[in-house]
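Fit chain B to the known structure of chain A by using the hints.
Chains as they are written, first to last, in this note's numbering: chain A, 48 to 639; chain B, 48 to 639.
By construction, these hints were calculated from the structure, which means they are not laboratory data. Since the model is a prediction, treat every value here as computed from it, not as a measurement. A portion of the hints provided could be inaccurate.
Where chains are identical, the list cannot tell them apart; a pair therefore holds if satisfied intra-copy or between any two copies.
[Said to hold, decoys possible] In silico lysine to any residue, SDA-like type, Cα no more than 25 angstroms apart, as pairs:
hint : residue 1 : residue 2
1    : K513      : A622
2    : K132      : V282
3    : K328      : V372
4    : K376      : G551
5    : K538      : T514
6    : K513      : V419
7    : K122      : E464
Each chain is listed here by its residues.
Number of protein chains: 2
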Amino acid sequence: MPSYTAPVKDIQFILHDLLGVSTSDIQGYDELEADFTAAVLEEAGKVASGVIAPINASGDQEGCTFENGLVTTPKGFKQAFEVMKEGGWTGLDCDPEYGGQNMPYVLGTAVGEIFSGANQAFTMYQGLTHGAYSAIHAHGTDAQKAKFLPKMVSCEWTGTMNLTESHCGTDLGLMRTKADPQSDGSYKITGEKIFISAGDHDLSDNTIHLVLAKIAGGPEGIKGVSLFIVPKYIVNDDGTLGAANGVSVGSIEEKMGIHANATCVMVYNDSVGYLLGEEHKGMRAMFTMMNEARIGVGMQGLAQAEAAYQNAVIYAKDRLQGRDVTGVKNPDGPADPIIVHPDVRRNLMDQKSFVEGGRAFLLWSASLIDQVHRAGDKDADGLVSLMTPVVKGFLTDKGFDMTVQAQQVFGGHGYIEEHGMSQFVRDARITQIYEGANGVQALDLVGRKLALDGGKHVMAFFEIVKTFIKENEADGALKADFLEPLKQASKDLQAAAMYFMQNGMANPNHALAGSNDFMHLFGHTCLGLMWARMAKAANAALATGASDTAFYETKLTTGRYYMARHLPATGMHLARIQSGSDTVMALDAEAF
Amino acid sequence: MPSYTAPVKDIQFILHDLLGVSTSDIQGYDELEADFTAAVLEEAGKVASGVIAPINASGDQEGCTFENGLVTTPKGFKQAFEVMKEGGWTGLDCDPEYGGQNMPYVLGTAVGEIFSGANQAFTMYQGLTHGAYSAIHAHGTDAQKAKFLPKMVSCEWTGTMNLTESHCGTDLGLMRTKADPQSDGSYKITGEKIFISAGDHDLSDNTIHLVLAKIAGGPEGIKGVSLFIVPKYIVNDDGTLGAANGVSVGSIEEKMGIHANATCVMVYNDSVGYLLGEEHKGMRAMFTMMNEARIGVGMQGLAQAEAAYQNAVIYAKDRLQGRDVTGVKNPDGPADPIIVHPDVRRNLMDQKSFVEGGRAFLLWSASLIDQVHRAGDKDADGLVSLMTPVVKGFLTDKGFDMTVQAQQVFGGHGYIEEHGMSQFVRDARITQIYEGANGVQALDLVGRKLALDGGKHVMAFFEIVKTFIKENEADGALKADFLEPLKQASKDLQAAAMYFMQNGMANPNHALAGSNDFMHLFGHTCLGLMWARMAKAANAALATGASDTAFYETKLTTGRYYMARHLPATGMHLARIQSGSDTVMALDAEAF
Numbered sequence: 048m049p050s051y052t053a054p055v056k057d058i059q060f061i062l063h064d065l066l067g068v069s070t071s072d073i074q075g076y077d078e079l080e081a082d083f084t085a086a087v088l089e090e091a092g093k094v095a096s097g098v099i100a101p102i103n104a105s106g107d108q109e110g111c112t113f114e115n116g117l118v119t120t121p122k123g124f125k126q127a128f129e130v131m132k133e134g135g136w137t138g139l140d141c142d143p144e145y146g147g148q149n150m151p152y153v154l155g156t157a158v159g160e161i162f163s164g165a166n167q168a169f170t171m172y173q174g175l176t177h178g179a180y181s182a183i184h185a186h187g188t189d190a191q192k193a194k195f196l197p198k199m200v201s202c203e204w205t206g207t208m209n210l211t212e213s214h215c216g217t218d219l220g221l222m223r224t225k226a227d228p229q230s231d232g233s234y235k236i237t238g239e240k241i242f243i244s245a246g247d248h249d250l251s252d253n254t255i256h257l258v259l260a261k262i263a264g265g266p267e268g269i270k271g272v273s274l275f276i277v278p279k280y281i282v283n284d285d286g287t288l289g290a291a292n293g294v295s296v297g298s299i300e301e302k303m304g305i306h307a308n309a310t311c312v313m314v315y316n317d318s319v320g321y322l323l324g325e326e327h328k329g330m331r332a333m334f335t336m337m338n339e340a341r342i343g344v345g346m347q348g349l350a351q352a353e354a355a356y357q358n359a360v361i362y363a364k365d366r367l368q369g370r371d372v373t374g375v376k377n378p379d380g381p382a383d384p385i386i387v388h389p390d391v392r393r394n395l396m397d398q399k400s401f402v403e404g405g406r407a408f409l410l411w412s413a414s415l416i417d418q419v420h421r422a423g424d425k426d427a428d429g430l431v432s433l434m435t436p437v438v439k440g441f442l443t444d445k446g447f448d449m450t451v452q453a454q455q456v457f458g459g460h461g462y463i464e465e466h467g468m469s470q471f472v473r474d475a476r477i478t479q480i481y482e483g484a485n486g487v488q489a490l491d492l493v494g495r496k497l498a499l500d501g502g503k504h505v506m507a508f509f510e511i512v513k514t515f516i517k518e519n520e521a522d523g524a525l526k527a528d529f530l531e532p533l534k535q536a537s538k539d540l541q542a543a544a545m546y547f548m549q550n551g552m553a554n555p556n557h558a559l560a561g562s563n564d565f566m567h568l569f570g571h572t573c574l575g576l577m578w579a580r581m582a583k584a585a586n587a588a589l590a591t592g593a594s595d596t597a598f599y600e601t602k603l604t605t606g607r608y609y610m611a612r613h614l615p616a617t618g619m620h621l622a623r624i625q626s627g628s629d630t631v632m633a634l635d636a637e638a639f
Numbered sequence: 048m049p050s051y052t053a054p055v056k057d058i059q060f061i062l063h064d065l066l067g068v069s070t071s072d073i074q075g076y077d078e079l080e081a082d083f084t085a086a087v088l089e090e091a092g093k094v095a096s097g098v099i100a101p102i103n104a105s106g107d108q109e110g111c112t113f114e115n116g117l118v119t120t121p122k123g124f125k126q127a128f129e130v131m132k133e134g135g136w137t138g139l140d141c142d143p144e145y146g147g148q149n150m151p152y153v154l155g156t157a158v159g160e161i162f163s164g165a166n167q168a169f170t171m172y173q174g175l176t177h178g179a180y181s182a183i184h185a186h187g188t189d190a191q192k193a194k195f196l197p198k199m200v201s202c203e204w205t206g207t208m209n210l211t212e213s214h215c216g217t218d219l220g221l222m223r224t225k226a227d228p229q230s231d232g233s234y235k236i237t238g239e240k241i242f243i244s245a246g247d248h249d250l251s252d253n254t255i256h257l258v259l260a261k262i263a264g265g266p267e268g269i270k271g272v273s274l275f276i277v278p279k280y281i282v283n284d285d286g287t288l289g290a291a292n293g294v295s296v297g298s299i300e301e302k303m304g305i306h307a308n309a310t311c312v313m314v315y316n317d318s319v320g321y322l323l324g325e326e327h328k329g330m331r332a333m334f335t336m337m338n339e340a341r342i343g344v345g346m347q348g349l350a351q352a353e354a355a356y357q358n359a360v361i362y363a364k365d366r367l368q369g370r371d372v373t374g375v376k377n378p379d380g381p382a383d384p385i386i387v388h389p390d391v392r393r394n395l396m397d398q399k400s401f402v403e404g405g406r407a408f409l410l411w412s413a414s415l416i417d418q419v420h421r422a423g424d425k426d427a428d429g430l431v432s433l434m435t436p437v438v439k440g441f442l443t444d445k446g447f448d449m450t451v452q453a454q455q456v457f458g459g460h461g462y463i464e465e466h467g468m469s470q471f472v473r474d475a476r477i478t479q480i481y482e483g484a485n486g487v488q489a490l491d492l493v494g495r496k497l498a499l500d501g502g503k504h505v506m507a508f509f510e511i512v513k514t515f516i517k518e519n520e521a522d523g524a525l526k527a528d529f530l531e532p533l534k535q536a537s538k539d540l541q542a543a544a545m546y547f548m549q550n551g552m553a554n555p556n557h558a559l560a561g562s563n564d565f566m567h568l569f570g571h572t573c574l575g576l577m578w579a580r581m582a583k584a585a586n587a588a589l590a591t592g593a594s595d596t597a598f599y600e601t602k603l604t605t606g607r608y609y610m611a612r613h614l615p616a617t618g619m620h621l622a623r624i625q626s627g628s629d630t631v632m633a634l635d636a637e638a639f
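Okay, chain A solo, but in the shape it has when bound:
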């Protein structure tokens, strides 16, 4: 069975050496002293390793069951969910007015990675509740907030997001679910939604569904979509639960992974719904929480890669096969551990350097979200909007690839379910798909975010890179190994953006055909920037006499690996982009 250990030291390095959170003047960051965050992360790590990781493989094996209209989660999930609730983990970064602990999002994200890494399917129950909480918090009336949020913060009630219908996923304007206005100001919701994660289960007393639907007589298409709060059981004014609300589960899906999280067909039959936000502004209400939700999915992709990596390392140190070609390393054993073999190391270094760089990118982005929400920083808002599709698309595409590489370390033992490596791959796979498939992320990046506010935000990103390089170019310890590759990556990224500007006007397909490559090119540049910064931080720690020199030296080596072995991908992505859309679009549909 796979194990999980929270990467506390690596997270601490990012929070403190890299981001210097406790010295930031963002409201609430002063609390984030190293001792405090370490205590939180270690406590989360205990719950992760001791409570929720142990039910990860069994939950995958058993899956959810659907009987008599009700979904039952796998063995141990109810008890583990109680532990999460009792520990206050469900409301860590929520509003204290509703029982939350008001921790910054950056810490919530770090903790979220730990729980997701231990058990993605399990952690989704609270993750989706958090998403619904955020939507109600941002758009609800005071009465709605008072009624729903306290029990959602505590996860006594859980939440869901209902967007997709069988004929429309990305193109939500096609949806058919209807909302009929009632005389009391409520609506009757009727329709069928699919792919509803955590749509029903036995972990909470009530489920608060957020449902997109069209109010009769409203505008056509996406402009006529509104968002509704539809509880499974009506909530009385005194907070007690009333009658069932005509919400039922049609079926649950057989899926490739996340078996322990019920993916439901939800049927709404004249269910009472309460408008959340404005009429016909449902998409806007969804979008305000989209950055956060997408960063959360990027976090999941990274978390699976970390978990898979940990187990690949354990196996590579333990499994004895063959001998080190440069000299026997385990003379008393029948063979050397496979970690001596260069291609196994190449594989592990790919994973390690991605995971650590990706985590820095994730937490930097999360800190920008704090800057937006806690300091009203508009520039940070623009920057994080630009980077969100990259966090989501790049971290999940590469995160998935890394779970596959981790599985490969096990050879045949990785293909059988016994070691749990297959589950990491199967669970990670969904992160590339939900919350906007990665092709949609790439489209959002290139078709929308790049040109937003006159291209101001991408220019701001380039400025950050340029400034960092300039400020450090006299630093011989950074120049060749870090600054030069970063400069090249940034140059490739700029050339790609320039290509889009020069050619996208004449034919938008010239830009869109390169969108996926651009997302990856951007991602590598971001991780290159993170590694250059981390190298600087590691050098600084070494220079000031940090006791744990091995840790910082390892950071430097891992960073050098990323720069030398991951960053050359930017040239390939640029070449693909610059080949334009001619060969991409040339064929008639019939020729495929």
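This is chain B only, laid out in the frame that chain A set:
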């Protein structure tokens, strides 16, 4: 449910326009007239689409069952296997002396792709039998051949390969299975083997296991390994079946995919075994069939990519989401089919150009095998030995990636099992692992094949590329789109080989740390060569007034796509290789 259509036209193009099989003087190739191969492929296609593809998803869903020591295959497998036997498909390229049809391996491989694409788990039963047939055919005594081969050619008896033990997969020298010599010249085999595909099932009357074991008193390690024929039931001298032979199934594995093929723990308890080939030369006996087996696995990876691609195309033409940014394409519908979107096309073109180029590479390699076996061509033997790890490693790594991309076209619908896209991914995954994990292929390529016979074979490969470029450089229709990118790829490949030569002597890790990248670099160069040749063939067909101009024009566009969008990966792989092993090997094992 997914569908499957044999790509007969694409295969015909490769066999005839590209390889010109019927004009070759290889023994038996004169029979391969276009009409004949078309008839064979179409007939295979009918069986594939009508008989074995329909039990692919259901076989995955149901899996094999293990009860009372016996394995039962999923519903419909027995009947379908009868169809394969009755059609003579199991002995297509086998020796006519034992009931085979003596077709060249190139045609057997083309047909194999069709069956594998329709149902990999099912086709493995005969594939493994073919592998065991080949080993007995190459190394058996006349008596052994007469006794076992006729019923294996007809698949009345099936075969298996028993190499792995739980503590040793790649490093077979560690094996513990023992062979005790008996006075009658036979051996008693005792031990436990794992991961035995098709180890037991209900499709045949007897199973002929080929088992690696150590004869007591023999040399230590890999040099003391011998190969044995161990039938499930003893075969009497009159060919009838005798007593059970102490061969039992310990358990069957829960796996990520190929659920319909039983992966068995096989237990041999004083089982009667007959030495195949020489004592202590078991590995040599295995290796003579290794090229063929590995090319067969490369074929499987490609086949899954083709099958997944076909279904992605159907979905992309059918699924309506969003509008073409350059103008509405389906004005009467609520949205345009997603194939209009550039990133969906980018995805499909990645798949299409890989699959068609990969198939050419596969069939070229298969034709080289014919040249070895039917014309005793030593140069072809060297070349195909060199390319075999590339066929296996590159076609399965990329084949898997392409199944993931095909699944992505379906969005959320790809993640649920209903559409079958998850199965393509899960089934393709094993091809990267079995028959030598791809890291072992890369090691074989760089550590062994590259320098074999003084590097003669890789030089021969470069010479083929160089000659082709030289012979065609006056051809304006090829130069910019095909020859230039091929030249660059070949240059990158040569630079990588040169790097290994210059640095690998001082430290073999400098070469081995780049082995995986070299395998991919080599693969891209091979597919680039194939596409350049196919472009030439397509131009020739167009010039001579072929009626189906759309087909040949599509080939040219698809080839241009490969050259423009896949080949730039060679620069990335070269950069990774040239970064050497320093960052790869720097960390102590404890630092991971």
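Results of checking the hints against the structure:
Taking identical chains as interchangeable, the C-alpha atoms of K513 and A622 lie at most 25 angstroms apart whether they share a chain (23 angstroms) or sit on different chains (24 angstroms). Taking the closest pair of Cα atoms, K132 and V282 come within 25 angstroms of each other only inside a single copy of the chain (21 angstroms); across copies the shortest separation is 66 angstroms, beyond that limit. Taking the shortest alpha-carbon separations for K328 and V372, only the inter-copy value of 24 angstroms comes in at or below 25 angstroms, while the best intra-copy value is 65 angstroms. Taking CA atoms no more than 25 angstroms apart as the test, K376 paired with G551 passes between copies only; the shortest distance there is 20 angstroms, against 56 angstroms inside one copy.
For a Cα distance limit of 25 angstroms, the shortest separation of K538 from T514 inside one copy, 14 angstroms, qualifies, whereas the shortest one across copies, 37 angstroms, does not. For the homomeric pair K513 and V419, the shortest alpha-carbon distance inside one copy (23 angstroms) is at most 25 angstroms, but the shortest distance between copies (58 angstroms) is not. Both within a single protomer and between protomers do K122 and E464 lie at most 25 angstroms apart by alpha-carbon distance, with minima of 18 angstroms and 23 angstroms respectively.
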